[in-house]
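**Q** Produce the complete structure using the sequences and hints provided.
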Amino acid sequence: MKSYRKELWFNIPSRRAFVNITPQVEEALRESGVAEGLVLINAMHITASVFINDDESGLHRDYEAWLEKLAPHAPVSQYKHNVGEDNADAHMKRQIMGREVVVAVTDGKLDFGTWEQIFYGEFDGRRKKRVLIKIIGD
Amino acid sequence: MKSYRKELWFNIPSRRAFVNITPQVEEALRESGVAEGLVLINAMHITASVFINDDESGLHRDYEAWLEKLAPHAPVSQYKHNVGEDNADAHMKRQIMGREVVVAVTDGKLDFGTWEQIFYGEFDGRRKKRVLIKIIGD
Amino acid sequence: MKSYRKELWFNIPSRRAFVNITPQVEEALRESGVAEGLVLINAMHITASVFINDDESGLHRDYEAWLEKLAPHAPVSQYKHNVGEDNADAHMKRQIMGREVVVAVTDGKLDFGTWEQIFYGEFDGRRKKRVLIKIIGD
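Chains as they are written, first to last, in this note's numbering: chain B, 1 to 138; chain S, 1001 to 1138; chain H, 2001 to 2138.
The hints are simulated quantities; they were obtained by calculation from the structure and are not laboratory data.
Watch out, some of these pointers could steer you wrong.
Stated by the list, open to error - For lysine to aspartate or glutamate, the following EDC-like pairs were computed, each having C-alpha atoms within a straight-line distance of at most 20 Å:
1. S/LYS1002 - H/GLU2036
2. B/LYS6 - H/ASP2111
3. B/LYS129 - H/GLU2036
4. B/LYS80 - B/GLU31
5. S/LYS1069 - S/ASP1086
6. H/LYS2128 - H/GLU2085
7. H/LYS2006 - H/GLU2031
8. B/LYS69 - H/GLU2068
9. H/LYS2002 - S/GLU1036
Unchecked claim - Cβ-Cβ distance ranges computed for the label pairs, FRET-style:
10. B/GLY33 - H/GLY2084: 48 to 56 Å
11. H/GLY2084 - S/ALA1017: 24 to 32 Å
12. S/GLY1033 - B/ALA35: 12 to 20 Å
13. S/GLY1084 - H/ASP2086: 42 to 50 Å
14. B/PRO75 - S/TRP1009: 46 to 54 Å
15. H/ASN2011 - B/PRO75: 37 to 45 Å
16. B/LYS69 - S/ASP1086: 17 to 25 Å
17. H/ALA2074 - S/PRO1072: 20 to 28 Å
18. S/TRP1009 - B/ALA35: 20 to 28 Å
19. B/PRO23 - H/GLN2078: 24 to 32 Å
20. S/GLY1084 - H/GLY2058: 16 to 24 Å
21. B/SER14 - S/GLY1058: 40 to 48 Å
22. S/GLU1026 - H/PRO2075: 33 to 41 Å
23. B/ASN20 - S/ASP1107: 39 to 47 Å
Just so you know, these numbers come straight off a predicted model, no measurement behind them.
Here a beta-carbon is modelled for each residue, glycine too, at the ideal position from N, C-alpha and C.
**A** What follows is the structure in structure tokens.
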């Protein structure tokens, strides 16, 4: 069994953003030499997500508004976590969007449906954060 | 390491439905010959889910009402994604219910608790869509 | 390929609680002898979660209040599932927080960011329930 590990680093200038990381995951998969197996892609931070959905800017604005409605940032005083912090909402948004995805590898490629794309979801940016790619297989 | 791949196809006549796919996953596992490993089961579409919960019709009606409350379909004009589309809510419902599950394989069987069952969650049906089963192990 | 399986048992005296199970997962990983691979940790019950987030008591109280807002327990009569049951809300809370996590194993350790910790999330306690740890790799 082969295994391969790679980190992706981000420093998002805004508090929240969605970044398509599919090309970087495909590159890691080529580097791994794995033809059949699984790829795990996870945020290494607890105020960020990795998820799979559509690369469509209208949808991303809808997600932003929807997450803000389900887990509002302000007023920050509504959260007990926000003692010297202001990111409690980011810990909630991340739970809805998820920490990780696991993707099948078949014939050396991400085994995806037509519209599946992998995103890094940042909910508390303006600092360096990272994503882990771990590939296992043959 | 063995690996096995199979697609399940659906054409749900309604917009939304939950379908128990546990028997199909068990069949794929038998076909794979894997005794110890992991099974990934994921929607290959971004407006559908694969999740594990109870096969109880009352609960499924509760999920339907609850998801509609958290991410309402109408009015479709509330979503920026809905330009020539009307399925933005389906992209949200799928995030709450999840894209995929990973299940342990032990002694050639799905290593499940008593009530665990695998469901395909359709949020934008009335067309052909599919689920991927990928099994790795020995 | 090696594989290793272990169950963790809980009997939470309250309806809801979050329990840090990172030390138990690390112990299972040491027992497995796996240096490179993946660990799956999942609830074997459909009214409980396994998730990764911060071990901070203020945040946990925020999660409790937030989940109660998104999927209220009372009145229990609002849910069709609650015929001889009162735990429909627990099936919903579990979907938001998730059934499982998959964690990379690198050099024999959980390949974690600084603040990542694994939690068992109980939403319908006061009885014996369990979590499955399945480790595969070399």
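**Q** At the C-beta level, are B/LYS69 and S/ASP1086 separated by a distance inside 17 to 25 Å?
**A** Since the Cβ atoms of B/LYS69 and S/ASP1086 sit about 20 Å apart, the hinted range of 17 to 25 Å holds.
**Q** Hinted pair, alpha-carbon criterion (20 Å max): H/LYS2002, S/GLU1036. Please report holds or violated.
**A** Roughly 9 Å separates the two Cα atoms, so the pair holds.
**Q** Within 39 to 47 Å: is that where the Cβ-Cβ distance between B/ASN20 and S/ASP1107 falls?
**A** 40 Å, holds
**Q** Just tell me: holds or violated, for the beta carbon distance of B/PRO23 and H/GLN2078 against 24 to 32 Å?
**A** Violated, since B/PRO23 and H/GLN2078 (Cβ atoms, about 46 Å apart) do not stay within the stated range.
**Q** Is the distance from the Cβ of B/SER14 to the Cβ of S/GLY1058 consistent with 40 to 48 Å?
**A** 43 Å, holds
**Q** For the pair supplied as a hint, B/LYS69 and H/GLU2068, confirm whether the alpha-carbon distance does not exceed 20 Å.
**A** 15 Å, holds
**Q** Between the beta carbons of H/ALA2074 and S/PRO1072, is the distance compatible with 20 to 28 Å?
**A** Holds - the Cβ-Cβ distance for H/ALA2074 and S/PRO1072, about 23 Å, lies within 20 to 28 Å.
**Q** Just tell me: holds or violated, for the beta carbon distance of H/GLY2084 and S/ALA1017 against 24 to 32 Å?
**A** 25 Å, holds
**Q** Could one say that the CB atoms of H/ASN2011 and B/PRO75 fall in the range 37 to 45 Å?
**A** Since H/ASN2011 and B/PRO75 have Cβ atoms about 38 Å apart, the given range 37 to 45 Å holds.
**Q** Does the hinted range 20 to 28 Å hold for S/TRP1009 and B/ALA35 at CB?
**A** 25 Å, holds
**Q** Sort out whether H/ASP2111 lies within 20 Å of B/LYS6, counting only the CA atoms.
**A** Given pair B/LYS6, H/ASP2111 holds - Cα atoms ~11 Å apart, limit 20 Å.
**Q** State, for the Cβ atoms of S/GLY1084 and H/GLY2058, whether the hinted interval 16 to 24 Å holds or is violated.
**A** This hint is violated: roughly 45 Å between Cβ atoms.
In terms of the numbered hints stated before, the structure departs from hints 3, 4, 19, 20, listed from lowest to highest.
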